[in-house]
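Q: These are the residues of each chain, in order.
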Amino acid sequence: MLRIRGLTKSFTDHLRGGTIRPVLRGIDLDVAPGQCVVLTGASGSGKSSLLRCIYGTYAADTGSIHLDTPDGTVDLARVPDRDLIRIRRGQLGMVTQFLSAPPRVSARDLVAEQGITLEHSTGLLTELGLDPALHALAPSTFSGGERQLVNIAIALARPRSVLLLDEITASLDHNRRATVLRVLAERKNSGTALLAIFHELPDEPGFIDEVLRLDGGRVVEAVA
Amino acid sequence: MTTPALEVRELTVRYGGTLGCADISFDVQPGEVLGIVGESGSGKSTVLGCCGLDLQPTAGVVRLSGRDTAAVVGAQRRRLRNQDIGIVRQAAHEELRLGISAGGNIAERLLATGHRGFQAIRARVDRVYHEVELPAGRMDAAVATFSGGMRQRVQIARALVSEPAVLLLDEPTTGLDVSVQARILDLIRRLQRQTGVAMVIVSHDLAVIRMLADRLLVMRQGRVVEAGVTDRVLSDPRHPYTQLLVSSQLEV
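Those protein sequence lines, which keep their order, are chains A and B. Residue numbering for the first sequence follows the working numbering, beginning at 1 and increasing consecutively. Residue numbering for the second sequence follows the working numbering, beginning at 1 and increasing consecutively.
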């Protein structure tokens, strides 16, 4: 369960005389196990900033981000660095549009580094639709869509209780997009909570449980 | 929580009237990678020098696997340094003796920690020499005949041959060609994961830090001005100096 209350975030730019730019102005949000909540809204409405605050890439100003873990409920807005790193290796996964990978590690090794066997890694890459001829190569030479499949495989390598997805299907062709959504639906059905931003809303029946529209760093509308 | 491989508490170093570093505290667990960034003269190398037992703190404590290093002196200190700490520097000649062979440079650390028996030493040196992917057949050649990238590999082999608890890297890829740099980083990353050694890496290159470090310290004028999980510090820098540092790099 992910439970967010009163979350605010602003950036203070000390190189511009301390200009303060608020990006989140009080977000309340729940995502239950096995639920998929989708964030929509214009560019700059705070969707990606919200995901980054949950993952800890941005430090929240105020409010709480409670996540249930095997060691109890943790407030990600206040969690010590080491605990955050441990939670990212365990319960909390994030996939963005961009793969930032070391330049010379092969796709299957990158995925296996999550703590799974090479066999499992190649199986997952194949399931997601990455050409087996590419598995032993470094993703630096891959197309945007192929890199994205590796990125998704890294996040799906281990079971997660929460997955944060930031436009992960944007660079995929129609078939691969459908495959990725099917794999995500399986994870969702086995209890993973999904909080996602999609460029184009998936119309797979039953996949999306709730759509929230953000504007100016606030949730302004909930669409069932 | 297990005993940290390296623990630094309230470390201060003064060079006469000049401050090297002030009130530095951090610890690194086995398997963790800590990055340190900051401009020249910010105190990074002073901190690393104290961790590597090359410098004595003016105040504060450096513990290796729980052991206070201030109490360890003389031959014991040299032995501890050769056994428990591996160091890779930007300038290979500071750590290696260029006139002797690669194998000799690597074996020297084992000899310094009391290993005896030619066959056993040779076997360990041979194994680590191949692990760092140095060309077979060059082990008995003088390091002076090696390229910059190969010298860094010899340093890495020498650092890891004693199976240290802590690996200290001071700008390990600065000055290398980009392609060589990528291969050295790949090697460091792979060996760190394989061995689970605790690692501290100092680099000017934020992309290198982003790739390797779990957590990051930002130093300025001898003090830590910001610390945190690496992607947080680099994506949401809060101290004015960190903002300047991040905005000065073209892309990280």
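Honestly, the hints are just simulated from the structure, not real lab data. Beta carbons: idealized from backbone N, C-alpha and C, even for Gly. Any given hint could turn out to be false.
What the simulated footprint calls covered on chain B by chain A, stretch by stretch (three residues with Cβ under 8 Å from a Cβ of chain A suffice, anywhere in the stretch; the number is not a length) [claimed, not checked]:
#1 183-189
#2 208-215
#3 231-238
#4 241-248
Q: Output the numbers, in ascending order, of every earlier hint that fails for this structure.
A: Checked against the structure, no hint fails, so every one of them is satisfied.
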